[in-house]
Amino acid sequence: MYTGVVIGTVVATRKDERLVGSKLLITQPLNINKKPIGEPIITVDTVGAGIGEYVIFTKGTAARYAARKNDAPIDAAIIGIIDNVDIYLDVFDKK
Amino acid sequence: MYTGVVIGTVVATRKDERLVGSKLLITQPLNINKKPIGEPIITVDTVGAGIGEYVIFTKGTAARYAARKNDAPIDAAIIGIIDNVDIYLDVFDKK
Amino acid sequence: MYTGVVIGTVVATRKDERLVGSKLLITQPLNINKKPIGEPIITVDTVGAGIGEYVIFTKGTAARYAARKNDAPIDAAIIGIIDNVDIYLDVFDKK
Amino acid sequence: MYTGVVIGTVVATRKDERLVGSKLLITQPLNINKKPIGEPIITVDTVGAGIGEYVIFTKGTAARYAARKNDAPIDAAIIGIIDNVDIYLDVFDKK
Amino acid sequence: MYTGVVIGTVVATRKDERLVGSKLLITQPLNINKKPIGEPIITVDTVGAGIGEYVIFTKGTAARYAARKNDAPIDAAIIGIIDNVDIYLDVFDKK
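Chains as they are written, first to last, in this note's numbering: chain A, 1 to 95; chain B, 101 to 195; chain C, 201 to 295; chain D, 301 to 395; chain E, 401 to 495.
Think of the hints as simulated: they come from the structure by calculation, not from any bench.
Quick caveat, the model's predicted, so the values are computed rather than measured.
The calculated BS3-like cross-link candidates involving lysine-lysine, where the alpha carbons are at most 27 angstroms apart (straight line), are:
{"#": "1", "chain 1": "A", "residue 1": "K23", "chain 2": "A", "residue 2": "K69"}
{"#": "2", "chain 1": "D", "residue 1": "K334", "chain 2": "A", "residue 2": "K35"}
{"#": "3", "chain 1": "A", "residue 1": "K59", "chain 2": "E", "residue 2": "K459"}
Looking at chain A on its own, in the form it has when it is part of the complex:
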């Protein structure tokens, strides 16, 4: 799974009917230092995430399970709101 921040919303009136009722959020992937990495993607929200929230998202089949829409055309979903990330950077110093 990956960490990201919700930065926007997408409105699409004409779309696959199985997406109706799914909130589409733009999520910017972040590294563990909260720096943006790569391009934002469209994610389905499954936990009530809001703009600016620091989230866990998943990709592929896992995203359809997250949305509880196993046969929907979904390939990315937000599955948690992050309270805290603890990094033990000294692990690298030991290597």
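Go by the hints and put chains B, C, D and E onto chain A.
Here is chains B, C, D and E on its own, set in the frame of chain A:
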């Protein structure tokens, strides 16, 4: 899911029979500022998209579900026409 | 799906038995201007493609469906011979 | 599968209920010389891995099987603790 | 599928029980000119490959099928020993 713009069409007379009846469109992936990112791919249209339309597309198994051809050799599909994307860039300023 | 050109063949006598009878072709991925992008991969031919032909190929589970060998260790397959690609480049000029 | 080192933990109170009881660890992918490659990801621990341990992790559907939660929104999991990696670098000299 | 060379072995005493009995080999991906591309990965051997052998490997669900362990946490597997690769480079000259 990803955002892109439809830029062309593909004609293939000799192909897997499960692709017959599926419209194959060339989609250029775009970032949220509508700048091209990466190379165009071949997508199956499932929402009646036309040249120049700003679309949502999906990859992998989700694409087969989109096309309602669960056992077809499809790995990318257009699943929505984007009306609007709202980006709250000040999210980054707060980080 | 992706576009490529068939550039070679692979012979492997010792292999998974479910690959027996599948023709293994080396396909060079191409962009829409027919320039090589990335490294060639090994694809299973499902449409009778020959050396030098301009093809559509697919990856992942879609490739197993293409080969009609749903439980075989296949992750890339040629699914069509391209007759023509029409690109409307002025789409970019409008953006 | 990939090699990595566990460098941290993630706490998310609000999350998909199928993640409850799964320990979420931050894993830094490493190359075979134990140098970091790419960005850390969030993995589900399935073998009792601790901070600083050198692990094998897997991605995609394999990760759900690892977690024995086949319908959970999981796409990366730690599946083993590495005792030893033996590399025969002279393989390259012969090529 | 991809070409690679087996360059090492991994020993992991503590691991997912479904990996017991599977030989874990470090495979260096190669391009068609046998130059290393990208980082080595851990693959399950399914054809009796040895150190230094030139192999075909597969990724994702295809790897689990290769290992005939459809529910095991495996995402890469060696599926063939390459006897010969024939490349027709003049294909590029014609383009």
